[in-house]
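Trainee: Sequence:
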Amino acid sequence: MLQLFKALNDNKKKIREFDPVSIQRIKEGAYLTKLTSEAQVAARKCDFFAGNAFDQEVKKYFEDEAKLLRKSARVLQQYYESITTE
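Residue 67 in my numbering sits at position 67 of the sequence shown; the count goes up by one each step and never skips.
Calculated from the structure, these hints are not laboratory results.
No farther apart than 27 Å at their CA atoms in a straight line, the calculated lysine-lysine pairs in the DSSO-like style are these:
| id | residue 1 | residue 2 |
| --- | --- | --- |
| 1 | 71 | 59 |
| 2 | 71 | 27 |
| 3 | 67 | 45 |
| 4 | 34 | 67 |
| 5 | 45 | 71 |
| 6 | 45 | 59 |
| 7 | 45 | 60 |
| 8 | 45 | 34 |
| 9 | 71 | 60 |
| 10 | 71 | 34 |
Taking the hints into account, I'd like the entire structure generated from these sequences.
Mentor: This is the structure we're talking about:
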């Protein structure tokens with residue numbers, strides 16, 4: 001059985017190592033997706049807290065924070081798309 005798998009794997013192309021720039025792009029992309037996701041979750045939490053707030057000042061604060069978080073998530077997403085299309 002081992003000989004069979006060796007013969008099959010010998011015919012496959014070998015994966016070469018990534019260059020440092022590619023490794024950095026992969027890590028950066030993973031980090032950006034995590035940051036984007038966290039910003040979106042935080043924005044939803046701010047919306048939830050704004051909906052539960054009785055004080056108008058507190059409600060306005062959470063709504064403003066949610067807007068800022070959505071804007072930053074959008075910017076991060078656009079940056080991620082720009083580095084993945086290169």
